[in-house]
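Line order of the protein sequences matches chains A and B.
No gaps in the numbering here: position 291 of the first sequence is 291 in full-length UniProt numbering, and each next residue is one more.
No gaps in the numbering here: position 168 of the second sequence is 168 in full-length UniProt numbering, and each next residue is one more.
Among the clues, some could well be false.
Said to hold, decoys possible - Restraint ranges, calculated between C-beta atoms of paired labels, are given here:
| id | chain 1 | residue 1 | chain 2 | residue 2 | range |
| --- | --- | --- | --- | --- | --- |
| 1 | A | ARG80 | B | VAL228 | 20 to 30 Å |
| 2 | A | ILE17 | B | MET226 | 39 to 49 Å |
| 3 | B | ASP128 | A | GLU394 | 45 to 55 Å |
| 4 | A | THR194 | B | SER2 | 28 to 38 Å |
| 5 | B | TYR126 | A | SER315 | 37 to 47 Å |
| 6 | B | VAL228 | A | VAL468 | 35 to 45 Å |
| 7 | B | VAL76 | A | GLY66 | 54 to 64 Å |
| 8 | B | ALA141 | A | THR210 | 23 to 33 Å |
| 9 | B | HIS316 | A | GLY350 | 41 to 51 Å |
| 10 | A | PRO148 | B | ALA294 | 42 to 52 Å |
| 11 | B | MET226 | A | ALA411 | 40 to 50 Å |
| 12 | B | GLY298 | A | ASP209 | 51 to 61 Å |
| 13 | B | VAL228 | A | THR210 | 53 to 63 Å |
Just so you know, these hints were derived from the structure itself, not from any lab.
Glycine included, every Cβ here is placed at the ideal spot set by N, Cα and C.
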Amino acid sequence: MSETLLKVRDLKIGATIYPPGEKPRDIEIVHGVSFDLEPGKVLGLIGESGAGKSTIGLASMAYGRGGVEITGGEVWVNGRDILKSGLNDVRKLRGGEVTYVSQSAAASFNPAKQIMDQVIEASVRHGKFSKKDAEARAVELFRKLGLPDPENIGNRYPHQVSGGQLQRCMTALALCPEPDLVVFDEPTTALDVTTQIDVLKAIKEAIRDTGVAALYITHDLAVVAQVSDDILVLKMGDMVEYGSVDQIINAPKEDYTRALVSVRSIDHEEKTATSEPVLKVEGVTARYRGTNFDVLKNINVELHPGQTLAVVGESGSGKSTLARVITGLLPPRAGNIHFAGRDLSAALGGRSREDLRELQMIYQMADTAMNPRQTVGTIIGRPLEFYFGLRGSEKRKRIVELLDEIEMGEAFMDRYPAELSGGQKQRVCIARSLAAKPKIIICDEVTSALDPLVADGILKLLLDLQKVEDVAYLFITHDLATVKAIADSIAVMYQGEVVRYGGKTDVLSPPFDDYTDLLLSSVPEMKLGWLEEVIANRKMESAGN
Amino acid sequence: MSPILKLLAQRIALGLLLLFLVSILIFAGTIILPGDVAQSILGQSATPEALANLRAELGLNDPPLQRYLSWLGGLVQGDLGTALTSGQDIASSLGNRLKNTLFLAFWAAIISVPLAIFLGLLAVRYRDRWPDKLISAVTLASISIPEFLIGYVLMYIVAVKLRWAPSVAMINDSMSLGQKLNSIALPVAVLTLVVLAHMMRMTRAAILNVMQSAYIETAELKGMSMFVIIWRHAFPNSIAPIVNVVMLNLAYLVVGVVVVEVVFTYPGMGQYLVDHVSKRDIPVVQACGMIFAAVYIGLNMIADVVSILANPRLRHPK
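The shape of chain B in the complex, shown without the other chains:
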C-alpha cells in the first residue's frame, strides 16, 4: 500500500475512534445533567404515579449501559431516536435544521476564507506598513467585540436604518436562492467578521515564516515581483498551517453559530439545540452533540489530510 493511502486510512480510523469516544462522553454528560424529562413534560402538578409510568415508558429506569448500547446501536444505523417532548423522529426534523445551518456556514465560508487569505497575502506584501496595520487592527477589533453585539449593531444600521436586508433571517424551501441570500446577508456578515481575524493572521504568520527561506531569496534574485514571490513561492509552502486554521474556523461556523442563530432567529441547528436543552429533551441534545462532534472531527480530519497531501515529499516519493 502506498504511504499516502496508509496515512489516509490511519487518519480515518483515528477519526472514527475519536467519534466513538465522544459518544461515550456525550452520553455520560447528558446522564449526569440535573433535571427530569418526565417532570418537565408533565409539569409541577403531575402525580407520582403518572411520573413513574412515564419514566418506565420512556425507558429512563433501565441501567445506563443498556441505554447507551441501544442508543449507539441506533446511531450506527442512522436512527437518532425520537424527541421525548414532541414524539417526532429526530433525524427528520434535524435534517432540515442541519441543511439550514450548513447553508449559512457555506456562504459565510465562501466569503470569509478567500477574503481572509487575500488579506493575509496583502498584509505580507505591505508588511509593517499602513495596509498591514489597518488590516490587523480592523480584524482584531471585529474578533474582540462579542458577536451578538456586532449582530445587533449591524441589524440596527443595515436593516433598520438603511433597510437593505431583513433583520430576521427566516428562510424556507419556497424561497428562491436570491431571496434566501438576501435573508441571510446579515448573519453571514457577522460570521465573516468573527472568523476573519483568526484565519487572516494565521495566513500572514505562516507566509512570513516561509519568507525567511533561501528559496525566497532565489526568487528575489530572479527579479520576481513581490506578489509573484508571495503567491507562487511562499503560499504553496504554507498551505498546511493555513488549512488547519481554516478548517478550525469552518467547524466553528457549523458548531459555534448558536448565538448568531438566536440573534437573527435563524431556523438552524443552534436554535433547535437551545430549545431542547431548556426542555431537557435528552435524545435531541445527544443527537445534536454527535452531529457537531462529527462535523468537527471530519473537518479537522480533512485539514490533516490536506496538510499531508500538501507535502511534496509524500506526494512524490523518491
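Extracted from the complex, chain A is given alone in its bound form:
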C-alpha cells in the first residue's frame, strides 16, 4: 500500500485583476479542485489558457505567480498540508521534494551562470548531496536524457545550447535533487515538433527510470496522452472530467472533453489553379545585413487568386524571412517578386500605395500588433481612411460591415484591445487587413498563440472570408494540422530552401523526402502508445539503413 503523495482538496485560488478604467478587484480563478496522485504516477492537467492548470501546478509548491493567491482548500504533500507550513518548510519542499520544469527553459535558466551550477544548486543548497555527488548525478541525468557530451555540457552557458537541449537540462535540474514530484508546465510547447518528440521521449523515460511522480500540464491532449496515467480536464478553473488516460481519450463523457479530443474538424477541399498566379516568387535569395550566409536560397513559389499557399517549416527555416522579403522589409540579394501582373519593387520605399494596399499582413501576436490606446473602431477605420479616404458615417458603416464579417458586431466598436480575448483580438487584426481590400494577406503564425478551439474558429473564419472576398493567403506556420486544414498548395521549408512544393494532396502523400517524412511523423496523434510506435519505427529504419 502506498501513501498518497499529493492530495489536493477543494483548492481555491484567487487573483487581483486590473481592468482598464476600473478599480482593481479580486476574482477567483480556480474554484475548488480536488485530485490525488500516487507515487510514481503521472497526472495530466489539461485545458485551454485560463483553465488554471499552471496555477494549480504551482499551488502544489505553495507558490502563486504574480498577484495570484491561494485562498482556500488543502494541498497535502507526503502527509503535510503545505499551505499551512511556514516559509522555511516550504523552501525545503521547493527544489527538494517538489521541483518544477517550465515552458521556456531559455528564459528560466540564468543567462549569467553555467548550466551545471544551476542544475545542482537546489541539491547542494538544501544539503541533499555534496557538490561532487550532485555533479556526478547531473552528468548521469544528462546522459539519461540523451544530451550530447554529458560530461561537459554542464560547463556551458544557457545560450550555448539549443532550445531542445536546454529543455532537457531543465528536466535534469528538476530531477537532480531526487524529488518525489515534478511539475512539468508545458515543457514541450515552445519546441518544434521534431524536437518535441525527442524531449517527450527523454522526459517519459526519465520518469519511468527514476520512479518520480509528475504533474504534466499542457494544452495538447495528444501530448499528454503519451505520458500520463490519469488526466484531469479543466475549464475556467473548474474540473470538467477526471479519469484514466484511456477513458478520457477513447470514451470521453463530457462535451467539452469531446470537443478537445476531436479538435481540427475542418475539412477543406484542395482547389486547383485556374488562372494566372497573383504572386510569383522567382529565385529569391536573401540574407540579413551583417551576416554572411543566405537565410533564403533560390525560392520559387506561386500563389493563385483566392487560394492558400501554406509555407511550413521549423523555427529557423526561413519562412518568416520569406514574408519579410515579399512585404519589402528585407530586399532580396537576387530574384524577383511578381504581383498582380507587375514587378514589385524590392525595397519597401519603392512601392506604391496600391502595392501596399493589396498586400496585407496578419501577425502571430495580435496583442502587440494593435495600439492598446485605440478602440477597435479606430484600429479598423485607419486603413479605410488611409486607402479609401472614407470619413464619418460612410466609414462607420464599413467598420460595422467588417465587424459583422468577423462575427463580432457593432457592440465591439468602442472597446479597447485589452478588453478582448485572444481570439477576438486576432479577429480584429483580420478585419483591419480586410479593410484594405487586399489581393493577398500574409498570415504569419496567426493561430500559434491561440488555444486549439479558438484557433479552429479563426481558421474557419479565414476560409469563409476567402470565399466571400476572393483573397489569397500566404499562410506561414509550423503546425501541420493547420496546414491540412486550410492549404491548397504547400511549400515545405528547411534551412532556407523549399524542399517540397506542390498541391496539398501531392505534398502530403508518399513517397516523402526524408525531411517531410520526419516532420509528418513527429506530429503527435491522439492515441495511446503513439510515441512508442514512432520511436520503434525510427529505430527500425535507422537499423535498416
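Knowing the structure of chain A, use the given hints to seat chain B on it.
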C-alpha cells in the same frame, strides 16, 4: 581577432578620438575667455610697452591654430607647458595635486561603492517596507542638500563639537597613512553622502528590473532564500547598468570635488584649478581640463568594457 578584442580596440580608439575632440573644445574655450594674462601678471599700472613685450614673450600674439598645434604636440609628449604666473613646470606641480585628489577619491570610492551596492541589495530585499523607504529617504536627503552645507554641518559637529577629526584636511608626504586618513575623514564622509544615493538607487532599480525574469522564479521554486536569489541570480545580471552609474560617480569624485576641496582646504586638483582660473593662467586651466576629461573618458570607457565583459554571450560565444 576575437569579437571581444575587436570591441575593446574600438572602445579605446573611440576614447582617444573623444579626447582629441575635447582638446579642441578646451583650447577654443580658454581662448574666448575674457581677460588678459599679461594684464593680470603686471597689474593695472603696467605700461603699454611692458604689456606688449610680455605678450610677445608668452607667445600670445601667435595665430590660435599655431598655438593649438604646439600645445597639442607638447601634450602628446607629456609636456603640459609652464604656468604663466609662477613660471613653474605644470606637470610637476600638478602631479602632486593629482595624487592628493586621487587619494581622496580612492578612499571615498572604497567606502561608498560597496556601501551603495549593499544598501541597494538591502532595499530590494525589503522592497516597499520600512528599510527600503528609510534607505531611500536618507540617501535622497543627503543628495539634495548642497555638499558645502553638509561639509560645514559635519565640520561643526564632528570637528568642532566632538573633536574626532580635524576640520582642515591638510595632508603632506611626511604623514603616515593613519594620520592622512584621519585628516581626510570629513571630506570622505561628505563625498560618500553625495554619491551614495545615485548608485544605491540605480542598483535597486537594476536588480528590481531583473527580479521580474523567469529565472528568478526558477530560483524561488528551487527554494532559495531571498538573499541568495538577489545575490546569486539577480545581481550578476544587473552588473552592466550598475557599473555604468558607479563609474559616473567615480568620475565625479575626481572631477567634481572642487567645492569639497575648497571647503576643507584640501590641496587637490580642484583648488589648484580654482586658484589659476582667477589668475587667468590659461595653460594651467587647459592642463587641468585635459586631465579631468581624460579621467572622465577613461572611467566611462572602463564602464563600457565591463558591461561588455559582463555579457556571457560575448565572453562565451557559441
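Here is how each hint holds up against the structure:
Taking the beta carbon of each, A:ARG80 and B:VAL228 are about 24 Å apart, inside 20 to 30 Å as hinted. For the pair A:ILE17 and B:MET226, the supplied restraint of 39 to 49 Å is violated, since their beta-carbon distance comes to about 26 Å. Against the hinted window of 45 to 55 Å, the Cβ-Cβ separation of B:ASP128 and A:GLU394 comes to about 53 Å, which satisfies the hint. Taking 28 to 38 Å as the suggested C-beta distance range, the pair A:THR194 and B:SER2 conforms, at roughly 34 Å.
B:TYR126 and A:SER315 have their C-beta atoms about 42 Å apart, which keeps the hinted 37 to 47 Å range intact. The hinted window of 35 to 45 Å between B:VAL228 and A:VAL468 is violated, with their beta carbons roughly 60 Å apart. Between B:VAL76 and A:GLY66 the Cβ separation comes to about 59 Å, which falls inside the hinted range of 54 to 64 Å. Taking the beta carbon of each, B:ALA141 and A:THR210 are about 57 Å apart, not inside 23 to 33 Å as hinted.
A hinted range of 41 to 51 Å holds for the C-beta pair B:HIS316 and A:GLY350, which are about 42 Å apart. At about 50 Å, the CB distance of A:PRO148 to B:ALA294 agrees with the hint of 42 to 52 Å. The hinted range of 40 to 50 Å is satisfied by B:MET226 and A:ALA411, whose Cβ atoms lie roughly 47 Å apart. Between B:GLY298 and A:ASP209 the Cβ separation comes to about 57 Å, which falls inside the hinted range of 51 to 61 Å.
The supplied range of 53 to 63 Å is broken by B:VAL228 and A:THR210, whose beta-carbon atoms lie about 26 Å from each other.
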